[in-house]
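**Q** This is what each chain is made of:
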Amino acid sequence: MFACPTQTELYGLLEERLDARQAELFSEHLQTCPDCQNRLSQLSDDSELYVLKQLSKQQPFATTELIPPNLAERIKQSVQLPQSDRGSSDSSHPGLSQSQLEADEGFELQIETSPKFKVRNLKQYKLLGEIGQGGFGIVYEALHTILGRIVALKILSAPIRWDQSAKQRFSREMKALGRLDHPNIVRATDADEENGVQFLVLELVDGYDFATILSHSGALPVEVACEVVQQTALGLAYAHEHQMVHRDIKPSNLLLSREGLVKVSDLGLARFLERDDSPDCSPPSTNLIGTADFIAPERVVGKPADIRSDIYSLGATLFALLVNRAMYPSSSVFQRLVAHTEQPILH
Amino acid sequence: MTIISEEFDPDTWRAFRSLWVEERSTSEVSQELGKSIPWLYKAKFLVLKRLKEVVLSLSADTEYYT
Numbered sequence: 001m002f003a004c005p006t007q008t009e010l011y012g013l014l015e016e017r018l019d020a021r022q023a024e025l026f027s028e029h030l031q032t033c034p035d036c037q038n039r040l041s042q043l044s045d046d047s048e049l050y051v052l053k054q055l056s057k058q059q060p061f062a063t064t065e066l067i068p069p070n071l072a073e074r075i076k077q078s079v080q081l082p083q084s085d086r087g088s089s090d091s092s093h094p095g096l097s098q099s100q101l102e103a104d105e106g107f108e109l110q111i112e113t114s115p116k117f118k119v120r121n122l123k124q125y126k127l128l129g130e131i132g133q134g135g136f137g138i139v140y141e142a143l144h145t146i147l148g149r150i151v152a153l154k155i156l157s158a159p160i161r162w163d164q165s166a167k168q169r170f171s172r173e174m175k176a177l178g179r180l181d182h183p184n185i186v187r188a189t190d191a192d193e194e195n196g197v198q199f200l201v202l203e204l205v206d207g208y209d210f211a212t213i214l215s216h217s218g219a220l221p222v223e224v225a226c227e228v229v230q231q232t233a234l235g236l237a238y239a240h241e242h243q244m245v246h247r248d249i250k251p252s253n254l255l256l257s258r259e260g261l262v263k264v265s266d267l268g269l270a271r272f273l274e275r276d277d278s279p280d281c282s283p284p285s286t287n288l289i290g291t292a293d294f295i296a297p298e299r300v301v302g303k304p305a306d307i308r309s310d311i312y313s314l315g316a317t318l319f320a321l322l323v324n325r326a327m328y329p330s331s332s333v334f335q336r337l338v339a340h341t342e343q344p345i346l347h
Numbered sequence: 001m002t003i004i005s006e007e008f009d010p011d012t013w014r015a016f017r018s019l020w021v022e023e024r025s026t027s028e029v030s031q032e033l034g035k036s037i038p039w040l041y042k043a044k045f046l047v048l049k050r051l052k053e054v055v056l057s058l059s060a061d062t063e064y065y066t
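Residue numbers (the working numbering), protein chains in the order written: chain S, 1 to 347; chain R, 1 to 66.
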């Protein structure tokens with residue numbers, strides 16, 4: 001009678017380390033031995049992946065279908081958007097009058113770079129007007145002069161040294177960002193540099209960020225705040241599937257389009273800007289970047305960011321959406337940072 | 001899951017999904033795919049091993065773009 005294989009031999013079979021003859025003998029035996037089948041079943045399993053298993057039992061991810069149109073409609077109805085000062089919201093040219101589109105001269109903009117000079121065009125983009133300022137630079141409405149399409153153009157103004165290494169990292173992050181295509185992520189369409197001005201071209205979201213919305217209309221109803229967070233989570237899940245971590249989730253980085261879609265902006269920029277000039281294969285630097293009210297505790301103490309850091313920041317964002325204030329308000333940035341590591345989670 | 005599914009041949013992926021996600025019996029899956037029971041467990045083992053590598057890399061903030 002053939003003796004049952006040992007655990008080591010069974011493991012060898014799974015890892016394909018046995019010679020062909022031995023593997024064949026064990027396989028024949030296993031076909032008819034319930035005990036060995038049971039042992040093989042246990043050896044082939046991994047209890048640490050249990051949570052993932054439970055998630056996998058749900059239907060395969062069809063992210064675009066997971067945004068119920070009726071809920072998007074509810075966001076539109078519940079959130080009072082500030083009056084646009086950018087004119088109409090025509091889908092092809094939001095915010096621009098025909099005369100502006102046809103004008104020969106773009107807006108004369110003074111962009112402070114080093115050395116200072118005036119910029120009206122960047123490559124094939126004509127700057128039309130400033131939309132707003134974020135942590136990573138100034139955003140302009142711009143016209144793609146060849147395609148006649150209106151885009152958002154972000155000029156990076158972060159205080160970093162634009163040497164060869166920074167340019168390579170910028171290019172790499174933008175490539176990763178360019179691969180993403182999800183309704184809950186602001187799509188990047190181009191990234192380039194001209195005369196030392198680094199810029200990123202993004203889909204123009206006709207709407208407002210949630211920091212503006214909160215300051216205008218106050219705390220959101222529970223179901224709307226939950227919907228905002230759900231849509232954000234879908235965008236982040238997609239980004240994480242593509243090995244990207246945002247690192248700076250906060251209300252001002254979530255945009256609400258007039259169609260009721262929540263879109264995550266500035267993906268890839270935090271990672272790019274917090275890296276130092278170390279060689280490509282070195283571990284990430286722990287330079288602190290992010291907003292004190294939303295930063296995950298592990299980031300405060302200098303540990304690297306991962307998916308969980310974004311989830312924490314999303315939780316802090318949900319808090320702000322629900323009560324229209326930060327979790328740990330304080331006039332001192334230091335105290336706000338430390339509170340994430342020392343204070344109990346608020347309920 | 002979506003990312004790594006493309007790394008395996010369709011039979012291996014179906015065996016993995018049927019055994020691990022859907023928790024179907026090995027005899028049923030074996031009959032359906034025309035594969036031996038040890039082959040099914042090997043398929044499940046290989047996919048889980050790869051899945052764990054991906055999960056660990058996502059958790060550790062390793063260098064993604066090398």
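The set of hints was computed from the structure by calculation and includes no laboratory data. Glycine residues also receive a C-beta, built at the ideal position from the N, C-alpha and C atoms. Please note: incorrect hints may appear among the correct ones.
Among the chain R residues that face chain S by a calculated CB cut under 7 Å, a handful are [unchecked claim]: (1) Phe8; (2) Arg24; (3) Ser25; (4) Lys35; (5) Pro38; (6) Tyr41; (7) Leu48; (8) Lys52; (9) Val54.
Now the in silico label distances, taken between C-beta atoms and shown as ranges [to be verified]: (10) Arg50(R) - Arg21(S): 39 to 49 Å; (11) Val301(S) - Gln31(R): 50 to 60 Å; (12) Glu7(R) - Glu48(S): 17 to 27 Å; (13) Thr341(S) - Arg50(R): 28 to 38 Å; (14) Leu56(R) - Glu24(S): 26 to 36 Å; (15) Ile4(R) - Glu130(S): 18 to 28 Å.
Pairs of lysine-lysine, DSSO-like flavour, derived with a Cα cap of 27 Å [said to hold, decoys possible]: (16) Lys53(S) - Lys52(R); (17) Lys175(S) - Lys35(R); (18) Lys123(S) - Lys53(S); (19) Lys303(S) - Lys35(R); (20) Lys52(R) - Lys303(S).
**Q** What are the numbers of the hints the structure violates, in ascending order?
**A** 1, 2, 3, 4, 9, 10, 15, 17, 18 and 19
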